[in-house]
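Undergrad: Sequence:
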Amino acid sequence: MERPFQWINRLLSLGLRHDQATAVGSAFQQEVWIRKTMREARKHTYSLDTPLSDVIFILLDTETTGFSPQRGDEIFSLAALKTKKGEALDLYCSHFRPKRRIPEQVVILTGITNEDVADAPSLQQEMHRILPFLNRSILLGYHIQHDIAFLNEFLSRNYRTSLQQTAIEMRRIMECIHHDIFPTLDDALSFYGLSPMNRHTALGDVMSLFEIWKRVFVELQQMKIDTLHDLYALLSQCS
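Take the position in the sequence shown, starting the count at 1, then add 103; the result is the number in the working numbering.
Heads up, some of the hints might be wrong.
[Claimed, not checked] Keeping only pairs whose Cα atoms sit at most 27 Å apart, straight-line, the calculated DSSO-like set for lysine-lysine is:
#, residue 1, residue 2
1, Lys-185, Lys-139
2, Lys-317, Lys-187
3, Lys-327, Lys-185
4, Lys-188, Lys-327
5, Lys-188, Lys-317
6, Lys-185, Lys-317
7, Lys-187, Lys-327
8, Lys-327, Lys-317
9, Lys-187, Lys-139
Since the hints were made in silico from the structure, they are not lab data.
Could you put together the complete structure from these sequences and hints?
TA: Listed below in structure tokens is the structure:
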């Protein structure tokens with residue numbers, strides 16, 4: 104791979120100013136790094152016979168400016184809790200500065216204001232921390248496809264790539280274990296007699312997810328759901 108200054112010199116030869124060339128060269132280098140990180144993620148998927156006790160499950164939640172990443176809505180907060188054997192290992196949490204303002208109804212729901220994110224890093228600036236954190240894991244969340252859709256839209260638009268990790272819906276696991284419906288995170292919390300923690304914030308919802316996951320992990324063990332194959336078989340039977 105060419106060194107950054109070689110790219111900058113090449114761009115300068117095309118007539119760009121030094122600041123423009125530096126910005127383009129830096130963006131290119133970041134895209135190369137992110138695509139390499141995605142290739143590494145693809146190499147480190149878990150086999151079906153992997154014991155659940157050996158799997159890194161990351162509980163993920165985001166807060167967004169709306170419901171449509173294709174129409175320009177953005178992530179302005181993300182939390183991810185790395186777990187193993189139902190125990191917490193590490194936490195990533197950050198606000199981001201979106202390009203569009205957080206709508207008033209979202210401010211009311213989350214309690215996160217535009218002033219709170221005014222000095223936050225952009226999502227692009229934080230990708231070098233987020234992607235390595237998520238690597239070598241299976242993602243878990245409530246309505247997690249919402250979170251995945253936003254992350255993949257961002258990665259596709261900026262770097263022509265997407266997340267390689269498997270993502271599993273916590274609601275499906277709950278409903279397969281208990282043969283009941285749990286449409287919302289609040290329903291799942293209520294089932295276990297748990298109170299929400301700072302509801303509708305990424306960190307609060309991830310910590311609530313963790314309290315649920317600790318209990319679900321024990322229940323899976325009691326049901327002799329020992330491997331990823333066992334878990335996928337359970338999910339397939341009640342889908």
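Undergrad: Now, for every hint given, state plainly whether the structure supports it.
TA: Hint check:
1. In summary, the hint linking Lys-185 to Lys-139 is supported, as the alpha carbons are separated by about 22 Å, within the 27 Å threshold.
2. Proximity of Lys-317 to Lys-187 is assessed by CA-CA distance (about 10 Å); at most 27 Å being required, the pair is judged to hold.
3. Between the alpha carbons of Lys-327 and Lys-185 the distance comes to roughly 23 Å, so the proposed pair stays at or under 27 Å and holds.
4. Using a Cα cut-off of 27 Å, the hinted pair Lys-188 and Lys-327 holds, with the two alpha carbons roughly 14 Å apart.
5. Taking the CA atoms of Lys-188 and Lys-317, the gap is about 8 Å. The hint holds against a cut of 27 Å.
6. In summary, the hint linking Lys-185 to Lys-317 is supported, as the alpha carbons are separated by about 12 Å, within the 27 Å threshold.
7. The suggested pairing of Lys-187 with Lys-327 holds, with an alpha-carbon distance near 17 Å, which does not exceed 27 Å.
8. Restraint check: the Cα-Cα separation between Lys-327 and Lys-317 comes to about 16 Å, which is no more than 27 Å; the hinted pair holds.
9. Proposed proximity of Lys-187 and Lys-139 is supported: the alpha carbons are some 26 Å apart, at most 27 Å.
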